[in-house]
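Chemist: If you want the building blocks of each chain, they are given just below.
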Amino acid sequence: MGIEIKSMEYGDFNDNEALEELKKSGSNVLLSTVDAIINWGRSNSVWPLTFATSCCGIEMMATGGARHDFARFGIEVYRASPRQADVIVVAGTIVRKMAPVLKRLYDQMADPKYVIAMGACAVSGGPFYYNSYSVIRGVDQVIPVDVYIPGCPPRPEALLYGVMQLQRKIQALSMTSEKKQEGKSHRHRAEGKDVITKETSSS
Amino acid sequence: MTREEMTALVRGKFPDVKLGSNKQFPEFIAAPDQIHSLCTALKEDAQTKMDYLFCETAADRKDGFHLVYHLTSSALGHCVMLRTVLTDKAKPEVETVGGIWMAAEFYEREIFDLFGIQFAHHPDLRRIFLDDDWVGYPLRKDYKDSFTLEH
Amino acid sequence: MYDFSPLVDSFSHFFTETFSPFWAGLFSMLTLGVAILLFYAVIGLYLVYAERKICARMQNRLGPNRVGPLGLFQTIADLIKLLLKELIYIRRADALLFNMAPFIVIVASIMAIGSIPFAKGLQAIDLNIGVLYILAISSMGVIGILIAGWSSNNKYSVIGAMRSGAQVISYELSLGLALLCMITFAGSMQLSEIIKSQQDGWWIFKGHLPALIAFGVYLIAGTAETNRGPFDLAEAESELTAGFHTEYSGIKFAFFFLAEYMNMFIVASIATTVFLGGWLPFHIYHFEFFNKGMDFVPPVFWFFGKTAFVIYVMMWFKWTFPRLRIDQLLALEWKYLLPINIINLLVISFLTLMQWHF
Amino acid sequence: MEETLLDIELKEKEEYIINMGPQHPSTHGVLRLEVCLEGEKVKYLRPHCGYIHRGIEKMSEKLTYPQLLHLTDRMDYLSAHINNEAVALCVENAMEVEVSDRVKYIRTILAELTRIASHQLWWSAFGMDLGALTTFFYGLRDREKILDIFEETTGSRLIQSYITPGGLMGDIHPNFQKRTKEFVKYFRKKLPEYDQLLTGNVIFHERTQGIGIMSKEDAIDYGVTGPPGRASGFHCDIRKIAPYSAYPLVKFNQILFTEGDTFHRYLVRIKEMWESLSIIEQLIDNIPPGETMLSLKAIKAPKGEYYQRVETARGELGVYIVSDGGPLPARIHYRTPNFSNLFVLNKIAQGHKIADLVAISGSLDLVIPDIDR
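Protein sequence lines, in the order shown, are assigned to chains A, B, C and D. Oh and the first sequence: position 69 is 1313 in my numbering, straight run, nothing missing. Oh and the second sequence: position 131 is 133 in my numbering, straight run, nothing missing. Oh and the third sequence: position 177 is 788 in my numbering, straight run, nothing missing. Oh and the fourth sequence: position 238 is 1092 in my numbering, straight run, nothing missing.
These aren't lab readings, by the way, just hints derived from the structure by calculation. The model shown is predicted, which means the values in this text are computed figures rather than measured ones. In this text, a Cβ means the ideal position worked out from N, Cα and C, and glycines have one as well. Misleading hints may appear alongside valid ones.
Calculated pairs, DSSO-like style, for lysine-lysine (alpha carbon to alpha carbon, straight line, at most 27 angstroms) [to be verified]:
id: 1; chain 1: B; residue 1: 20; chain 2: D; residue 2: 1157
id: 2; chain 1: B; residue 1: 25; chain 2: D; residue 2: 1151
id: 3; chain 1: C; residue 1: 946; chain 2: C; residue 2: 807
id: 4; chain 1: B; residue 1: 25; chain 2: D; residue 2: 1157
id: 5; chain 1: C; residue 1: 766; chain 2: A; residue 2: 1347
id: 6; chain 1: D; residue 1: 1043; chain 2: D; residue 2: 1032
id: 7; chain 1: B; residue 1: 45; chain 2: D; residue 2: 1125
id: 8; chain 1: D; residue 1: 1157; chain 2: B; residue 2: 143
id: 9; chain 1: B; residue 1: 25; chain 2: D; residue 2: 1094
id: 10; chain 1: D; residue 1: 916; chain 2: B; residue 2: 64
id: 11; chain 1: C; residue 1: 903; chain 2: C; residue 2: 766
id: 12; chain 1: D; residue 1: 1039; chain 2: D; residue 2: 1125
id: 13; chain 1: D; residue 1: 1039; chain 2: B; residue 2: 146
id: 14; chain 1: D; residue 1: 916; chain 2: B; residue 2: 143
id: 15; chain 1: D; residue 1: 1157; chain 2: B; residue 2: 91
id: 16; chain 1: D; residue 1: 1070; chain 2: B; residue 2: 51
id: 17; chain 1: D; residue 1: 897; chain 2: B; residue 2: 143
id: 18; chain 1: D; residue 1: 1154; chain 2: B; residue 2: 64
id: 19; chain 1: D; residue 1: 1032; chain 2: C; residue 2: 766
id: 20; chain 1: B; residue 1: 25; chain 2: D; residue 2: 916
id: 21; chain 1: B; residue 1: 51; chain 2: D; residue 2: 1201
id: 22; chain 1: D; residue 1: 1154; chain 2: B; residue 2: 25
id: 23; chain 1: D; residue 1: 999; chain 2: D; residue 2: 1044
id: 24; chain 1: B; residue 1: 51; chain 2: D; residue 2: 1044
id: 25; chain 1: B; residue 1: 45; chain 2: D; residue 2: 1151
id: 26; chain 1: C; residue 1: 946; chain 2: D; residue 2: 1094
id: 27; chain 1: C; residue 1: 766; chain 2: D; residue 2: 897
id: 28; chain 1: B; residue 1: 64; chain 2: B; residue 2: 143
id: 29; chain 1: B; residue 1: 91; chain 2: D; residue 2: 916
id: 30; chain 1: C; residue 1: 766; chain 2: D; residue 2: 895
id: 31; chain 1: B; residue 1: 45; chain 2: D; residue 2: 1094
id: 32; chain 1: B; residue 1: 64; chain 2: D; residue 2: 1094
Pair by pair, the computed Cβ-Cβ distance ranges are [said to hold, decoys possible]:
id: 33; chain 1: D; residue 1: 951; chain 2: B; residue 2: 42; range: 37 to 47 angstroms
id: 34; chain 1: C; residue 1: 928; chain 2: B; residue 2: 78; range: 10 to 20 angstroms
id: 35; chain 1: D; residue 1: 1031; chain 2: B; residue 2: 42; range: 50 to 60 angstroms
Chain A side only, calculated, beta carbon under 8 angstroms to chain D, not exhaustive [stated by the list, open to error]:
id: 36; residue: 1295
id: 37; residue: 1297
id: 38; residue: 1299
id: 39; residue: 1302
id: 40; residue: 1303
Working from the sequences, and respecting the hints, build out all of it.
Modeler: Put into structure tokens, the structure is as follows:
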């Protein structure tokens, strides 16, 4: 194709606000060193669960394929058993019948566990937002989400970027504080309406 | 077999069957209690041999539920479309054709799930897509639930 | 030239002279234990890394390359993560057996390493029944697998464990018989003696066709023993999600994971020792200049080089072949490998009796 | 999970039931199979679907034809172009308009490229099901080349919504012909590699030959179409039975076998890829000039009922539209190939081992959202 693609410097990725917020707090030297080692390990070894519901799953497979190669980041160890997986990439639509199963899968995973909502359907219901009697409008109504990847379906590059964001997020976490559940956003259903409350900045 | 021959054949055996207006396939409109015997006849008749039911579905129309069967013959290649109208919307019921074509068993489960049409003598009439405790039949025009967001 | 026995002897002298016999024994054991554990961890981790790189190579990919140079620290990151991951206790699982199983598996493979001769004198314990010992110990791992499958309270696990049990018990026969062929040649079960008998040529060259057949059978049976490659029925990702270790998380899962790779290493190193001359260099008869050059390479390199080759072949199997079905797997063993092996053993006994090997 | 009547009934009989799915690597999605085992042998199984039932048919009743087209991509996402084409053809038939030859040619080429891409992905996944993990990467490597072509012309990799009632969303990219020809040349060289890696393998033969035999009668009775149907000798290729678009103009063979086992279902797809390549070759140099979009005032189907059958990569897709004459359909139904192909699984997997069940369901090439819609 003749297009030279320059690799992006790591520093060129701009943190989003939530990450900056997480990084702000300090801790003592010893603990932060331990944190750094643990987070280095955790962030560089996120094993996804073999889980895909629809179209996005194909792009997830393509990401694992030869051209995009998930494996470079050490993420190629797809585990079929939720016990051994670290991240569940919700690739595709979640419907009302599937939601309890998804919740159960999430509960079966061992801590620390992360969730990536991949694709418009998992983020918000996407094309099925209106008029569908069965599609859950966003997987964050069922399980807490760490990283959202928009797109229908997102390109493999987008998934790679999402996973890298997750890695950066893990690196910003600390084992001492209560931050494990922070930075995940829930959407609560209040009186039949969806109210989005991002709990990212509270501390 | 041409449209005329088909019409003659079906009308010969089932004089009550009305002729539909579909341009694509020869269409016959049968009464609900007649549809099973019509299907059996179409499958077993050596001239028609309708052994492949490629589509069975329903539609919620003003005059009732229309149940539509698309049949073809794998050997002879001709198609036919059958229709039956279930006027009683409160309690629609029709004889299953699952015994004639296995495929129908699953199409009928789908129709039961989404339209609530009861198929008599169906061996395994359960919801197929929705949860067992789902209330209502979504593909009916009057279906309402608190979950759906109308656009 | 590269004899480790003086070094090892000086260590043991140091211990015996400094401490009383009891403490000397304890300290030398501890030193050995720590050394073996460290070795185990390093080899295990880098085998995982190697496998990921090799399979990436076969699949037109790059493989891990972000964590450290060339992704070398990838598996270390994995280990840290697995160490700190939550251990899930399964409700209504048999707690004792459930927790014991990974240890049985890993202890079996650690114990086997003790008697592998890495170089002259570099061997923790040189038993006079070394081959038998390794066979016995490494097949204990299957007990761990069976327990893991049974105690997990998971249907997939039970199927995986049962498959594994049937598989390992069957292939144990071929493995043993293939090694027996070589023992017949070498006339000893002591690993150092077996290596010594290959000083004038490796058994795979000296043993005519039967040795080659035995090597082939050994490789197949060995791959099956380790539950890998086309014989990974016990885990069978696409059938049983993760087979016998479906319910294990965190470090217990890591034990199974590591043990698989270490078993592969053990199988490969036995193949090296028995068939490929262990740490002996490659010699060509009457080609002194070449032989001298070969002698110059330290035996440790020879040993690891040969082992790496065998491991590579086993990885190659895994990434090329589809998986067998359980009945085909057992048919392969009982209908083909076992008869071939028995005939082979008879032929070899005859050859040895007649002194027809080189 | 919910305890079905079956569960209770089985507990009494103490049968060994395992649940494959909804999250299971070999069901390729969220299908759930309730498998009753005797040792490793499958006694019978019950498919449970609906874990991705999105109500596309209901939603479509609130959308105009060009709008509802976008939902069809998301049913069988591996045959996205072909699904679009089905709706487009159905609406065009209803409106009694005919698109230009250029559109027909382009649609057919895209459909065949889609078919190849879909079969490549199937080949990848099928190898994985059998435990040959390298196939996955070989298949995806070649598939990316097709996705590049799609991306250049349609702007999207997987879900294109490029074919629309009345023509195409836009003209093809100037590079389209060149790159498609490059791909055909490239893939003709790579296809034998597939055979080397899997087709010729002894273990693969052992695992697939004589496994999951489906008779022609069963195929017709259950309505199994596409490659699984044709492997059983069911003459069901809609491209031959009721040709549409540019298919009447091209020469190709319908691949038919009579054995009906897993191996022949595999073989049908491999041979279909060759046929698709030849179809593309026949068309790619002859795309006539013409407009790519008819100037239609409003896309409305006149009052009536319309049915369109097309051949997707997985079998026969039927689109059934009931129209009251407005811009919205009164009812739209998709007769999807996977729905019919799924239920034969119980019949053909009985008596085989659980590993064979994986191979058989892999050879049926199920796309779950296409079953559930």
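Chemist: Does each hint hold? Answer for all of them.
Modeler: Okay, the hints, checked on the actual structure:
1. Using a Cα cut-off of 27 angstroms, the hinted pair residue 20(B) and residue 1157(D) holds, with the two alpha carbons roughly 19 angstroms apart.
2. A distance of roughly 24 angstroms separates the Cα atoms of residue 25(B) and residue 1151(D); the hinted pair therefore holds under the 27 angstroms criterion.
3. For the proposed pair residue 946(C) and residue 807(C), the alpha carbon gap of about 35 angstroms is over 27 angstroms, so the pair is violated.
4. For a cut-off of 27 angstroms, the pair hint linking residue 25(B) to residue 1157(D) stands: about 12 angstroms separates their Cα positions.
5. The straight-line distance between the Cα atoms of residue 766(C) and residue 1347(A) is roughly 21 angstroms, inside the 27 angstroms bound, and the hint therefore holds.
6. A distance of roughly 17 angstroms separates the Cα atoms of residue 1043(D) and residue 1032(D); the hinted pair therefore holds under the 27 angstroms criterion.
7. For the suggested pair residue 45(B) and residue 1125(D), the alpha carbons sit about 33 angstroms apart, so the restraint of at most 27 angstroms is broken.
8. Annotation: proposed proximity of residue 1157(D) to residue 143(B) holds, straight-line Cα distance about 18 angstroms (limit 27 angstroms).
9. As the CA atoms of residue 25(B) and residue 1094(D) are separated by approximately 21 angstroms, the hinted pair is consistent with the 27 angstroms bound.
10. Between residue 916(D) and residue 64(B) the CA atoms are separated by roughly 17 angstroms; this keeps the pair inside 27 angstroms, and the hint holds.
11. At roughly 59 angstroms between alpha-carbon atoms, residue 903(C) and residue 766(C) are farther apart than 27 angstroms, so this suggested pair is violated.
12. Under the criterion of a C-alpha separation no larger than 27 angstroms, the hint pairing residue 1039(D) with residue 1125(D) is consistent with the structure, at around 16 angstroms.
13. In summary, the hint linking residue 1039(D) to residue 146(B) is not supported, as the alpha carbons are separated by about 55 angstroms, beyond the 27 angstroms threshold.
14. Note on residue 916(D) and residue 143(B): the hinted pairing holds, with a Cα-Cα distance of about 11 angstroms set against a maximum of 27 angstroms.
15. Under the criterion of a C-alpha separation no larger than 27 angstroms, the hint pairing residue 1157(D) with residue 91(B) is consistent with the structure, at around 23 angstroms.
16. Annotation: proposed proximity of residue 1070(D) to residue 51(B) holds, straight-line Cα distance about 15 angstroms (limit 27 angstroms).
17. Taking the CA atoms of residue 897(D) and residue 143(B), the gap is about 41 angstroms. The hint is violated against a cut of 27 angstroms.
18. Between residue 1154(D) and residue 64(B) the CA atoms are separated by roughly 20 angstroms; this keeps the pair inside 27 angstroms, and the hint holds.
19. Taking the CA atoms of residue 1032(D) and residue 766(C), the gap is near 54 angstroms; set against the 27 angstroms cutoff, the hint is violated.
20. The suggested pairing of residue 25(B) with residue 916(D) holds, with an alpha-carbon distance near 26 angstroms, which does not exceed 27 angstroms.
21. Restraint check for residue 51(B) and residue 1201(D): satisfied, since their Cα atoms lie roughly 23 angstroms apart, inside the 27 angstroms limit.
22. Distance check on the hinted pair: residue 1154(D) and residue 25(B) sit about 18 angstroms apart at the alpha-carbon level, within 27 angstroms; holds.
23. Taken as a hint, the residue 999(D) and residue 1044(D) pair is honoured in the structure, with Cα atoms around 12 angstroms apart against an allowance of 27 angstroms.
24. The hinted pair formed by residue 51(B) and residue 1044(D) fails the criterion: a straight-line CA distance of about 44 angstroms is larger than 27 angstroms.
25. Note on residue 45(B) and residue 1151(D): the hinted pairing is violated, with a Cα-Cα distance of about 44 angstroms set against a maximum of 27 angstroms.
26. Restraint check: the Cα-Cα separation between residue 946(C) and residue 1094(D) comes to about 48 angstroms, which exceeds 27 angstroms; the hinted pair is violated.
27. A hinted pair counts as satisfied when its Cα atoms are at most 27 angstroms apart, and residue 766(C) with residue 897(D) qualifies at roughly 16 angstroms.
28. Proximity of residue 64(B) to residue 143(B) is assessed by CA-CA distance (about 10 angstroms); at most 27 angstroms being required, the pair is judged to hold.
29. As the CA atoms of residue 91(B) and residue 916(D) are separated by approximately 22 angstroms, the hinted pair is consistent with the 27 angstroms bound.
30. Annotation: proposed proximity of residue 766(C) to residue 895(D) holds, straight-line Cα distance about 14 angstroms (limit 27 angstroms).
31. Proximity of residue 45(B) to residue 1094(D) is assessed by CA-CA distance (about 23 angstroms); at most 27 angstroms being required, the pair is judged to hold.
32. A hinted pair counts as satisfied when its Cα atoms are at most 27 angstroms apart, and residue 64(B) with residue 1094(D) does not qualify at roughly 38 angstroms.
33. Take residue 951(D) and residue 42(B): their Cβ atoms lie about 40 angstroms apart, and the range 37 to 47 angstroms holds.
34. Checking the proposed 10 to 20 angstroms range against residue 928(C) and residue 78(B) shows it is violated: the Cβ atoms sit about 52 angstroms from each other.
35. Between residue 1031(D) and residue 42(B) the CB atoms are about 53 angstroms apart, so this pair conforms to the stated range of 50 to 60 angstroms.
36. Because the beta carbon of residue 1295(A) sits about 5 angstroms from the nearest beta carbon in chain D, less than 8 angstroms, this interface hint is met.
37. The interface hint given for residue 1297(A) holds, since its Cβ lies 5 angstroms from the closest Cβ of chain D, which is under the 8 angstroms cut-off.
38. Interface restraint check: residue 1299(A) against chain D, minimum CB-CB distance 4 angstroms, threshold 8 angstroms, status holds.
39. A least Cβ separation of about 6 angstroms between residue 1302(A) and chain D falls short of the 8 angstroms threshold, and the interface hint therefore holds.
40. For residue 1303(A), the interface hint holds, since its Cβ comes within 8 angstroms of a Cβ in chain D; the closest pair sits about 6 angstroms apart.
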